[in-house]
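Chemist: Using the supplied hints, reconstruct the complex from the two chains, each of which is provided in its own coordinate frame.
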Amino acid sequence: MKRRMITVDGCTACAHVVHAVNELITIYPITPSSPIAEICDAKSAKGEKNIWGTVPAVNEMQSEAGVAGAVHGSLTTGALAATVSASQGLLLIMPDMYKIAGELTPTVFHVTARALACQGLSIFGDHSDVMAARSTGFGMLCSKNVQESMDFSLIAQAATLESRVPFLHFFDGFRTSHEIQKIEELTFDDMRSMIDDDLVLAHRARGLTPDRPAIRGTSQNPDVYFQGRETVNRYYQATPAIVQKAMDKFGGLTGRQYKLFDYSGHPEADRVIAIMGSAGDTVLAVINALNARGEKLGLVQVRLFRPFSVEAFAASLPASVKAIAVLDRTKEPGAIGEPLYLDVRAAIDEAGAKGIQAGKTPPLIVGGRYGLGSKDFTPAMAKAVFDNVRAPEPRNHFTIGITDDVTLSSLPVDESFNIESKGVFRALFFGLGADGTVGANKNTIKIIGSRTDNFAQGYFVYDSKKSGAMTVSHLRFGKETVQNPYLLPKASFIACHNPSFVERIDMLSRAEAGATFLLTTSHSQDKVWDTLPAEVQEHLISKKMKFYIIDAFPLAEELGLGSRINMIMQTAFFAISGVIPKEDAVAFIKTEIEKTYAKKGEAIVAMNYAAVDKALQNIKKVSIPDKVTSTIGMRPPVPHDAPEFVKSVTAPMIAGKGDALPVSAIPPDGTWPTGTTQYEKRNIGVHVPIWEPDICIQCGLCSFVCPHATIRMKAYDSRYLNNAPPGFKSVDAAGKELKGLKFTVQVAPEDCTGCGSCVYVCPAHGKDAQGNKLPDFKAINMRLQEPLRQAGARHYAYFLGLPETDPGRYNVNTVKGSQFAKPLFEYHSACAGCGETPYIKLLTQMFGDRLLIANATGCTSIYGGNLPTTPYTTRADNRGPAWSNSLFEDNAEFGFGMRLTVDKFNSQALELIERFIGNPAYADMGELFEAIRTADQTAQNGIEEQRTRVQKLKSRLAQDPSSDAKHLGSLADYLVRISVWAIGGDGWAYDIGYGGVDHVLASGKNINLLVLDSEVYSNTGGQMSKATPLAAQAQFAAGGKRTPKKSLGMIMATYGNIYVAQAAFGANPAQTVKAFAEAEAYNGPSLVIAYSTCIAQGIDMSKGVEEQKRAVACGHWPLWRFNPALEKEGKSPFIIDSGEPTITFAEYAYHENRYRALRAADPELAAELMKLAEKDVKRRWQYLKHMAKWSPEQEK
Amino acid sequence: MDIYEYAMQMEKDGEIFYRELAEKTADEGTRNILTRLANAEVKHYRLFADMKKHEATQPVDLAYLAEIKNIFVQMRESRTPLPANGRQVVLYRKAQELEKKTRDFYREKAGEVDPSQKAVFLKIADEEQKHFNILESIIDMVSRPQTWLENPEWYHLEEY
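Chain order of the listed sequences is C and S.
Residues in the first sequence are numbered consecutively from 1, following the numbering used here.
Residues in the second sequence are numbered consecutively from 1197, following the numbering used here.
Accuracy of the hints is not assured; some may be wrong.
No more than 16 Å apart at the CA atoms, straight line, and that leaves these computed lysine to aspartate or glutamate pairs for EDC-like [to be verified]:
(1) S:K1319 with S:D1300
(2) S:K1296 with C:E1147
(3) C:K46 with S:E1224
(4) C:K2 with C:E185
(5) C:K249 with C:D189
(6) C:K742 with C:E692
(7) C:K657 with C:D463
(8) S:K1249 with S:E1201
(9) C:K600 with S:D1336
(10) C:K595 with S:E1224
(11) C:K600 with C:D1162
(12) C:K614 with S:E1354
(13) C:K599 with S:E1355
(14) C:K600 with S:E1354
(15) C:K590 with S:E1355
(16) C:K1131 with C:E1193
(17) C:K600 with S:E1355
(18) C:K446 with S:D1336
(19) C:K446 with S:E1354
(20) C:K599 with S:D1336
(21) S:K1297 with C:E1147
Cβ-Cβ distance ranges computed for the label pairs, FRET-style [said to hold, decoys possible]:
(22) C:D877 with S:S1333: 52 to 62 Å
(23) S:S1333 with C:E1168: 16 to 26 Å
(24) S:S1333 with C:A241: 52 to 62 Å
(25) C:P673 with S:S1333: 42 to 52 Å
(26) S:S1333 with C:K245: 30 to 40 Å
(27) C:K620 with S:D1223: 45 to 55 Å
No wet-lab data here; the hints were simulated from the structure.
Ideal placement from N, C-alpha and C gives every residue a C-beta, glycine not left out.
Excised from the complex, chain S in its bound form (with noise of 0.2 Å):
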């Protein structure tokens, strides 16, 4: 098993911890959002099934892996995973921590492994960084009535 392997297994969990999460939850929009987490964890599921076809990668110790596995075990076990009803935007940021945490795992890892294996640890940081980016941009455009002020004295720039 390599770094690949792990990646796309940590992406497979993901998938199915939100669309776990969608088939219990009522709410149109929550299972909505959840089924678009899923699909999204199926994209990147395979992209790093595609990098790893394009790059040859050492195996790795298992025990690496170990925490980030953990990270979605905890969360399917936990009583409440994520917030299933209040606001959408709560939901969206819960998601964006797991991709925070997914990511520092795997920056703080590549420090720890073999130097051959560092770039791809990063890589695949770096791709978890972008998934966080676009939250990041959800997050902010649909936090907009919470955040942005029509008044006045208060002259916009950016778009709504």
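The following block holds chain C by itself, in its conformation from the complex (with noise of 0.2 Å):
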């Protein structure tokens, strides 16, 4: 069968032998390998077969422990099983590998090799994941590039089959697994080929069965355990051979012929740089370069980690080698060195004593940390590693891509060091993360590269903010193929695709003499050169560059298409670069619509051609005068008054220079500064809200509902109006409480996202002269952003001055009360609408100046600490939420472990005041002491009156110099009730850290649980969770999930002593506001699980409050509370807040695209769901029901 050439990522080649070679595929999401898993699943779902005519099974367990068990599982019962894996999820899966290798059994776990979370966590490509497995018996295979991925997937297959030693295929997450290129694509046959049908059998005849039985995983004792471990040896010393044998029979069938360590460069190189992975590609190309230039220079690449054949290693290496450069994409703290490293030098000495050397004396061999975290390994840090070795005294230990001024370890770089072929097309494009500009990039990759004989190269570059994210496309298209595995210094085109990047982002700086830039304005052909920055406008005259613009978004609008611009750009990209003939990408873009779209309907792909057409005809072409004019500069990351710190260390990341950051500038120990947000004004709301006073009737729900803290009110004093600026609104205060104040709501103009929740929710209307309601004006409303920023600025400034409202005169545990409290949780990069923020924006209103909070990898942990600036902030006395993430299994234990520490340090300082009590050096504090052990906390004046006494006690305390004054003065803040929250989503809640949440529950302990569950996991992409709903369709549910939600409140409710609440704020926001009071009151354990809208969901963001409406409308999420405390007083504990059923859950349900993409698909199943569905939510709500029904008072 002829193979195809297919323009894939890594992910999309891997998953494409591990579908074709495994029965059962079972798996944890987990970036960046989930697309593998994801892929491998739509396989099976549409019914794809293996080389052996059956479907795979793919399922998802609830942690990657739950995978290692399963797999492990199968894998003993003789099933061909496969899992990918990275991070922190391999580190999970370790344990059963042990036992899989031991047990001598094969299989092939493929993983996207990333970080793990240390100082931080990074979700971006090294190797620490993988090092960390290399003692566990494990054969570890790397590719290094996206032909590899798919190449050694079937060559590690067929190894493990024959040596029975189990292997770990890797490569890098990220710069593998997502970049695209074209490639040759492996037929069924060439795996049947590949795979010894007799070794499938004989894997499966040592199946664990009845009908043969066997023991294994037995405990054995001093006398044979030694013994045992040793059996295995004889397979491992077998496996390089064979592992050989299979690369040449792939060799033999493909051409494509790989070695244990593959040589290339000069035969006669004195300086070898020895490597895994793709960085291997960008030191060849610079050897390639250099040799060419008279050097003489080679490069191992390693493929076979383990086992290490030294005996290959050394016959390797040219015999003319005098220095070896070792280069590791990881980190060992404390070790001689990283483990290639190690491995190398061990391998040489071993091959000297063995006497199969390659030279005559044994070469200088130094090693070197590269890569972590996904930086970059351009060619010029490659050539600085060639340059150290040639060194008089060359460095050892050393890192390159980095400046480390604290250790000196870090190698200099010559930066204007470019290899880059003169034959490349070289493009950037940088669009906003919802514009579709990666997408349409994609589809360009896969025109150039499906419809001409070129090559093609795509990586794209993406920051972690969710709402008004920029992403940056990098593109290489050439007649060669294209092997440069790292980021465009240069580009020949560049395109911008929002045109607010133009003042903050430094674009041209990478462009090359003569290049083609094409910005997306709305400004005309002779203004847009005024509307430039002069920074820009000196790149475009200093390097002779063509300037063209597109106006795009008012010609996708003309033609129906809304804000969507990703046609009209790929088009105009074709029609200016000259990449191919115009005429000819015309005709392939439309081939491609009507691929793409003719399923859909004859007016989407004529709409998609208008898109097209129109784009053609308005191109537009700028002069570029030989002067600049402009009198604006970009605008600076950080203002000018901002702290030192973020000057110095947040702005530089801000502006995408965080690269050049010494280490002396990064905090050792992964501790950062709150509250850094505020500095960072993404000014990406086109339009923002617009405040009507007369209208308002104070309800605060707009401020209640904003995702961002970017709606604030105040009530104060009306003296504070006279030196307000001009425009600033205000009106009387409403309410006898804030009588005689004067009242404003003000919206943060540039860090608002423009999301509309609080337009939705606001009840006010305005009305016409006749009386009636105008429904298109109310209390709020969207205008556009632009001509009110700098207006709005000043009077946000301002209000941001006024004092707080003085907590005397509203209670915050009411839905109005609530917002006059500074939110300590502001201007995150959550998405426009989300559904979770408002909640913890509630929390740290309510009780942010105590808040201990844990929180759970995800959505949460992302938006909640992903640098440059952080959304927990301080009130004006500097308290406010301490916040930290551990991992995402763990989180509820991470919270009890700071109950532990709180509880233990409380009663410490009161032991300590016992002893205190009886010193007649303090006698005259009798009465405070008293009052410190005895105060009561339940309400925000008693905890600032205890605050009160804290400090008269610290400053007396001040003044002792005994260890029990020091002592009791470090620990009386704990005298002070601090409240401990455990915050995550249902992905942590109901599967991976179900188990750690029930435990921390049934404590007893004064703990508080908040999940936000959008049923589904949000961050990685929208995977299945415990709580996606039956018929809903997700990740790993593609066919629609047939298993009804996990009904977790009502399992904890169970144990009778756990507050459980079931909120949804935007169906019912005081009965949210009493729930996170009664679990804040509630002195033991309690659990508030929330309702939360999410993009994943497929639901319009700005009506995420309508759709909440509907699920407790329906009863699919009825509200309740379980009161443990009023169980005490012979009450029922159960309370529903929440009404019968008055809709069906289909008219909730087909608001969203999670259910009606089944519909789409499959409408049948869909209808058969639905029934399903609603059954079920008529079975809970009569559970619920007869729970609510019981009290003590019957047991009487």
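Modeler: Have a look at this one:
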């Protein structure tokens, strides 16, 4: 069978083989490996079969630990089973890996190698995870590019079956897993040729079965354990040869010949780099360039890291080698060196001892670290490594790619070194996270890769923000294979798909001389020049660039495409770049449109055709003057009055220049200042809300629902208006408590994302002259931000300077009252309209001054702690939430540990006070001690009073040099109530962290858990969790979820001593406030499960409130509270806060894409599942009512 | 008058409704969408005319169709029948709601008319369902910028 050329990423390439050569694929989502699993799931959902003609079963587990057990179970019973993973996920699998290897069980685990969370989490690529697994007994095979990620998946499978040694096949997370390349696809015949069926049958025959009973997993004693451990030696000894045999066979089939250690470069090289993974291609490109200039350089690309073959390694080296630089993409603090370096040193030593060394004298060997957390590894860095080993005193244990000004480990790099070849077209695209730029570029690569004989490469860089995120697409096209796994240093085409970038991103510094710049802008051909910052003008002139504009957004609007500009911009690229003839490009685009959209209808195809034609008609070339005329400059990333740390560290990160920060600038222990989002004015809201004081009824709902804390309200004395800037709005405060005060609702226009939730929820309408309600004019309305920005920013700054509303004049435990309290969680990067963050914001308004937060990994941890800026902030007295993220799976326990500390410190402080009570020197403090010990801290004023007492105590203790005084001084703050909340999503609470959630809630300790239930793994792209409702589509539930949602709250209520509430702020904000207040007040464990609308549900995020109302109205999400305190009072602890269902489940569900998508794909199945879901909702509702009927009175 | 004639009249009413709105709106994009919706109604009219030509049907009681006419009449009389400004997807959704109402009307009435007429009512309902589905696809496409997340942790198997 002829092989196809395909243009795919590493995950797709790997999945092609994984799905074809396994029977069971058992997974748990973790970036960046999830796509492999998702592709396999999609293949199975479509009925695609493996090479033996059966559809592999794909199963999602509750955690990687679950995966490990399940895969082990499948393997030990003889199935061909595999998994994919990365990072701390792989670490969770490791305990079973020892077992699987110890039992000589063939399998391949495919790993998209990723950094481990250490001082901070990184989703990006390095080898820290796989290197942690190097002692498990798994063979380790590393591929370096997209083609190899497919090839080695198969070679590993063939080798494991023959050797019985399980394999870990890995490649670089993101750099390979997500890079798009044109590659040759292996056929099923190739796979059948490589996989020996007899070995498959042998594996199956070894499987445990009652028909041939045997026992594994015995408990072994000192007499035999050691010998048992040595039984596997001969299998490992045979493995390198088996792998090479598989590689040779594969080479014969495909023409791609691999070796365990592949040597490239000069046959008489004096300097050699040994490396694993994608960076090998970078090194090779440098070697080719420098050897052409007369250097003698070489590369050993390490393929098989375990079992490490000393013989094969020695044989790979040329006899001429004088120095070897070993590059590790991992860090092992405290070790003599990193793993590959240590192995190479040992290998050279052993080769010498065996007399099989390459040259007469052992080479110099140095090791260094590079590329941690996807730090780009460039040709200039590779050259610096070669230069180092030529130096008189080469540096060992070096780092490359950073400036280490603390321990001086880093090598100097000549950034001007450039080997980009001339025959390659290079293009950079700057887009917004939701505008389709990445999709359009993937399509462009597909077109060029599939319709021309060009090779193509695409790599996409994202920031981690979920609203207003910037994407940068790096594209290369050329007649030769493009193997440059590093970012584009320069480009001949640069496109800016969002006009707001021009003033804040230095895009054109990466333009080559004579490059083309395409900008989407609302300014005309003759006006646009004057709108550009001077820096941009300077680049355009000095580099003699060509400049084109297109006003894409109105064109899209005109075509009825809303703000969907991707097709317009893609066409514009082809029209002006000349990468392929324009006519061909247009024909290809239209063919792709037909192919992609034909099944969706003629109208869709026609609209996209129209976008292509419209783009062609509206591209304008702008003539470039010969002088810079602009009086405006690029906007500074942070204001001039920002704190020093923000200016020196945060600002470069915001500006995309964080790579240049030296080690000394970075906090050494992962501790960063809070409250820094306030300095990053993102200006991403095209439209922002504007308040109409005369219509406003001062309910506070707009502020309550605002996900980003960009709508605030205050009541204050009228004298503060004396110096208010022009246009600052105010009105008399409503309500008797606020009588005599002025009231303002103020929007932060530069921080607002423009989601529109506030407008949607606003209940107050304007009226016309006849008194008729104006449906489109409320007390708050969306208006274009740009013309209002400056004045709005002035008003907001003034507003922030107003005193906080007197807490004595509002009740924070009400909807309106809570909104007078300053939110201590603001301007984060969650999606516009996020349904989770209003809960967190509320939490900080109600208890923020005493809040200790344990945050599970997930969306909440990303927008909660994603650098460069941090959203948790402080009150005026610098008190505010202290926050940390440990892992995904351990968050309840993490919070539990915090609670233990707080309780212990509190009791220790009280014990110390006991000692001081008897101390004559403190006789005058008796009253204070008593007041501290017996303080009522159930309300905010009690807490503030206790703080005053503690401050008095600390002042006195500061004068006492005794040990007890020092200890009490350091513990005294714990005499003030501290509130511990563990926060996370449903993936944490229902799945991976469920055991911990259960244990911690069962502990009886005073800890609170807030579960933001979006019914899906939101952060990683929408995978099914046990919170996903029946009938909803999700990743790993492509055909709709067939099982009901877990009733987490009901399960926990069965303990009887746990406060549980189910809330939905959009349906009943007062009930949410009440639930939070009761949970906090309850002196024991509490659990609040909060319905959270999410972009992954496929809803209009501006109407999340409406969706919450529907979820409650149909009975899917009844509002209830279980309060054990009521039972003690003889009342029913169960209180249902919502009424009988008034709409059907379908009426709710079909407002959401997660249900609609299944209806569109398979209406009959959708209808059947909808019936089951309806039945399930009714069952739950009846059960809930049944539970609520019970009361302790009945027992009497 | 038979059911097809009623259906044709409905499409005619729809066409007039959208064209009147298109004439009133100053926004070019909105006008284009409304014109496209009006043109779609013309296509539907022709479809039903074609069906009528090829399939004999019995006259039915006018009362069955009164309600559906009222939908458009009410919309035309309403001061703000469809959002003339704001997000275009809202406009598509409103149009889709009308298709849904029309479909539901035919389905509901199919259960009330003489059994000999039932199949025809259901056939027309099926056609309205197709119109509904086309609008669903357009809504999905146009709302991508609001529902799509391009993020390192989000992997899209479907097209943008």
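Chemist: With reference to the structure, classify each hint as holding or not holding.
Modeler: We went through each hint and held it up to the structure:
no.: 1; hint: S:K1319 with S:D1300; result: 12 Å, holds
no.: 2; hint: S:K1296 with C:E1147; result: 13 Å, holds
no.: 3; hint: C:K46 with S:E1224; result: 42 Å, violated
no.: 4; hint: C:K2 with C:E185; result: 9 Å, holds
no.: 5; hint: C:K249 with C:D189; result: 13 Å, holds
no.: 6; hint: C:K742 with C:E692; result: 15 Å, holds
no.: 7; hint: C:K657 with C:D463; result: 13 Å, holds
no.: 8; hint: S:K1249 with S:E1201; result: 11 Å, holds
no.: 9; hint: C:K600 with S:D1336; result: 10 Å, holds
no.: 10; hint: C:K595 with S:E1224; result: 29 Å, violated
no.: 11; hint: C:K600 with C:D1162; result: 14 Å, holds
no.: 12; hint: C:K614 with S:E1354; result: 25 Å, violated
no.: 13; hint: C:K599 with S:E1355; result: 13 Å, holds
no.: 14; hint: C:K600 with S:E1354; result: 13 Å, holds
no.: 15; hint: C:K590 with S:E1355; result: 15 Å, holds
no.: 16; hint: C:K1131 with C:E1193; result: 7 Å, holds
no.: 17; hint: C:K600 with S:E1355; result: 12 Å, holds
no.: 18; hint: C:K446 with S:D1336; result: 23 Å, violated
no.: 19; hint: C:K446 with S:E1354; result: 14 Å, holds
no.: 20; hint: C:K599 with S:D1336; result: 14 Å, holds
no.: 21; hint: S:K1297 with C:E1147; result: 14 Å, holds
no.: 22; hint: C:D877 with S:S1333: 52 to 62 Å; result: 55 Å, holds
no.: 23; hint: S:S1333 with C:E1168: 16 to 26 Å; result: 23 Å, holds
no.: 24; hint: S:S1333 with C:A241: 52 to 62 Å; result: 56 Å, holds
no.: 25; hint: C:P673 with S:S1333: 42 to 52 Å; result: 48 Å, holds
no.: 26; hint: S:S1333 with C:K245: 30 to 40 Å; result: 52 Å, violated
no.: 27; hint: C:K620 with S:D1223: 45 to 55 Å; result: 23 Å, violated
Violation of the numbered hints given earlier is confined to hints 3, 10, 12, 18, 26, 27; the remaining hints are satisfied by the structure.
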